[in-house]
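Heads up: the protein sequence lines correspond to chains C and U, in order. My numbering applies: residue 1 is where the first sequence begins, and numbers increase by one. My numbering applies: residue 259 is where the second sequence begins, and numbers increase by one.
It is worth saying that the hints were derived from the structure and are not from the lab. Keep in mind it's a predicted model, so treat the numbers as computed, not measured. Check before you lean on any hint, since a few could be wrong.
Calculated lysine-lysine pairs in the BS3-like style (CA-CA distance at most 25 angstroms, straight line) [unchecked claim]:
1. C:LYS198 to U:LYS434
2. U:LYS346 to U:LYS319
3. U:LYS346 to U:LYS422
4. C:LYS198 to U:LYS346
5. C:LYS198 to U:LYS334
6. C:LYS182 to C:LYS215
7. C:LYS198 to C:LYS157
8. U:LYS334 to U:LYS380
9. C:LYS109 to C:LYS30
10. C:LYS198 to U:LYS319
11. C:LYS30 to C:LYS182
12. U:LYS624 to C:LYS198
13. C:LYS182 to C:LYS153
14. C:LYS109 to C:LYS257
15. C:LYS109 to C:LYS84
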Amino acid sequence: MKRKYMMAAALALLLSFNLPGQDARQIAEKANEAIEFKAMEMAATLSIRDGRGNERIRQIATASRTFGGVTKTLMKFLAPADVKGAAMLIYDYEDRSDDMWIFLPALRKTRRIVSSEKGKSFMGSEFSNADMARPNAGQFNHKLLGSATIAGKDCWKVESTCLNEDIEDELGYSRQVAYIEKGAYLTRQAEYYDFDGKLFKVLSLSRFEKQANGKYFAFHMEMQNRQNGRSSVIAIGRFQVGSGLEESYFSAANLEKL
Amino acid sequence: MNYERTLFRYSRIFILLPVLVALALMIPLRHARINPDLNAYLPGELPARQNLARLEEAFGKYEPILIFFETDDVLKTPTLERIRGLSKALNRSLKFNRVASLFDTKNIRGEDGAMIVGPVVKRIPESEAQRERLREEIRGNELAYGLVVSEDFHYALLLANPAKGVSDDEAVAMVKALLKHHPGEEKVYLNGMPYLKSEIQARTTRDMAILLPLGLLVMAVFLYMSFREKRGVLLPLSVVALSIILSMGLLPLFGWELSIIAILAPILMIAIANNYGIHIIARYQELNALRPDWNMRQIVGHALWHLDKPILFTALTTIVGVLGLATHIMLPARQMGIVSAIGVAFALLLSLSFLPAILVNMKKGKVRSGFAEVRHSWPGRLLGRLADVSTHHPRLAAGTFAAFLIILGLGLTRLHVSIHNENILPPKHPLRLSTAIANEHFGGIQHATLMWEGDMKDPAILRRMEAAAQQLEALPEVGKVVSLATVVRKMSEALNDPADPRYGNIPETREAVAQYLELYSMSGEPEGLEQLVDFGYTRASMAVQFRAGSLKQFRQAIGQMEAIVKKDPNCVLLGGQSLLEYELATSVVRGQAYSLAFASVAIALLLFLIFRSVAAGLMGGLPLAFALICNFGLMGWLGIRLDIATSLLSSIAIGIGVDYTIHFFWRLRCELEGGLSYARAIQKTLFTTGRGITINAISVMLGFAVLFCSALSILKAFALLILFSLLLCLLCALVLIPALSIWLKPHFLTKNCKHEKEIHDGRRPRAAAIL
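With the sequences and hints as input, model every part of the structure.
Here is the structure:
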């Protein structure tokens, strides 16, 4: 009898060790759900700074909508003047590599781009294309490291370590530590560590605004590269949940008409 | 004669003081650091260094490690798998910030109406057909063909640029470890500045650890064989040791770092710091044999009295000779000249104070009658033969020297300057083998960069860049030229169909260029593009890869690039590692000329002052001129190039080589003054001072001979040439100078001299009398 109690006590102990792991994953998943949008339209300014005081500014209008499991995104350059009118169309498939088209006004024609290098930098900034996509919680081992206060908000400190090298290569980092606001599940800050485990980039999210669908969206995102001193900021000027744009709008043929 | 009296009275102070000075100088010596950076050899104000700094400021430091793979076909699966594994590991490592290989270099092309962006090798071919398709694709990719793979596909190249703050040793060790972790059948060769610097560092450290004790050991054995007495070994060697500590201790004290050339400073000390002591010991032994009745004070006092001037003069000539290096353009040569000159001055001081102060406190050594004159020993017989030749056949002797001079002098026409830093290393070193591979199978190992300034999206500038690239590529020395214009043109090929007039051309409008570049920078790696154009699109670089086998070819290629800088208002600067190598090569020639001119004039002037005779200056200069012409001629015949080490040779050879003549003149003058005939005086001089000169010369040559054990090729060549030069100087002093003396009978030889006859007459020499 005594032995039975002891086993139960040991089992309870083991379960208690597992609990933080499960909690961490749930927190990460909820944080992902808190920012999920099926469709949106926005105008943003992307500032890319080289760490030596130089800055490149790009103004981009973006529309995104999912049709039959395929997320279609159209980005159009509004500024600077020399690239104004350039547009890019991306079809993001779940099960195969993206389709991409580019329209350059100087060429006055649309060209399909087949690229195997989509994983690295987003438009030449410190943001990676992976940062722009919704993370997949299943790609990581999650661990709750504790709590911390970020921008006056009480946050969970959740460490997410890539499950394998392929995922690391795809995402460009080995692990991230996210600071997720308790209750609201909003990621306020995320630290990315390189393949050697050293701090690589720090993402700061602010100006969260509640949208019509009840979800939040950060209107200010800053990515600082701690290793090369560069930083990039995405400032959202206009944001709209949902999009009334037809599927034909997201077609290669339409790029030239924009 | 107050000096000898003071010296003997306060002998302990004269012994202790230098030891304390040396001990104090050992403190900064602990902070000495080897600097293997050959660029640092040139003064910072040189345009080549300033231009390199401007390029690095604009585009970041690019000094990659090059890894060459050699096999029958680099597109075969095992080789590609190995390169892929290494490339991936290097990309993941924080120690490297830019990696270029078949798996990293971009392939941008147009196909079936689409622009294809990807690495040169996206997937490793599984069949022969796939492999051949890939080969064809690579042939059409000018960003890869001839750059990361050789035109015959026998060689592949992987470049990895160490990140900021990563030392050369760390980067090289990492590459070597990764190569071990990714083994393969291919032959692998490393190259690149970090590897060269790491090799220089390792070899210099090894040389410092091995050559110094070896030199001291060799010297100890030689001194024992020469003097057969412990004091004959320990006293000159202690002078050497103290002088080495002083000269090496001065380097960190002056804030200078150790260089390859700095290795020569202690070797120089081993070779020459005991010269003066040797003469005193030889004279002590000679007097001990001649006058067994004298006590140590009388012997040492007379030796000092008799030798102080020739020792002082020979030391002065050596100091002046090595000080000639202070006029050299290379900083380490200047530094070595200065510390060696101070070291020699210290050795002189020790030989005239520390050494006699110890000697006078010692008991008299065993009398060795053979040391009075060496007439009956084998060196004596040899010296006797030489004396016979110069006294009985002076014209024949002079004629033989003249013929030798002409034959070797003809080699001067074949003398070339070394233009490649890697020649520091042995010929079979992987770095030198891979340099040959790069020159033969790739665009060349030399890299120069032209910097353009202006609106880099302006098609007019890009077109001029294209024209400049074509002009350079037309030169036989130039392999590849890659610039922003190349990328824009490549983009135009990918974005337009071959039938389109825009295909393969720089676009007409600024907007089109901007859009091409925007698209390129969006393709994944903005930092890759920033090697070619800066963040603000105001400065662009044009990388020129070329090969140059000689200074002439180097000058030709550089000249063409400089012409572009002069002609084009937007092309503002020419720089890069090769420009520094070019500057180093030309500075070797200029440095050689400056130090040679300085040393020659200074030595001739010193001889004139010592003997108060122009004839002495001219006659004393003859062996030096003879030795140097023969030396450079021999370099021409043997194909040894003038480099950073051999360019130091003349100053050192002049400084040391003239000593023998001075000693000879000095004694000959004394013997003539003593009433001997020319023939007898020359014989006597050769049997007495000739022995000291020979021992001295052989000890110097032995000292330098340890450089044959150096791990650096240039120091081995230096050893051969300095030995040859000193041998010639010795032969001149033993044959040519006696022959010319008997032939010309110059007036300065019959001027007054300290009287040798006093010793034989039994009169107390003045020095001994006052003690």
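Against the structure, the hints:
1. C:LYS198 to U:LYS434: 23 angstroms, holds
2. U:LYS346 to U:LYS319: Given that 25 angstroms is the threshold and the Cα spacing comes to 22 angstroms, the pair holds.
3. U:LYS346 to U:LYS422: This hinted pair holds, its Cα atoms lying about 20 angstroms apart.
4. C:LYS198 to U:LYS346: The hint holds at about 18 angstroms.
5. C:LYS198 to U:LYS334: 36 angstroms, violated
6. C:LYS182 to C:LYS215: 15 angstroms, holds
7. C:LYS198 to C:LYS157: Roughly 18 angstroms between the alpha carbons, so the hint for C:LYS198 and C:LYS157 holds.
8. U:LYS334 to U:LYS380: Roughly 14 angstroms separates the two Cα atoms, so the pair holds.
9. C:LYS109 to C:LYS30: 43 angstroms, violated
10. C:LYS198 to U:LYS319: Distance of about 22 angstroms is within 25 angstroms: holds.
11. C:LYS30 to C:LYS182: Since the Cα atoms of C:LYS30 and C:LYS182 sit roughly 11 angstroms apart, the hinted pair holds (cutoff 25 angstroms).
12. U:LYS624 to C:LYS198: 73 angstroms, violated
13. C:LYS182 to C:LYS153: 8 angstroms, holds
14. C:LYS109 to C:LYS257: 10 angstroms, holds
15. C:LYS109 to C:LYS84: 15 angstroms, holds
Hints 5, 9, 12, counting from the list given before, are not met by this structure.
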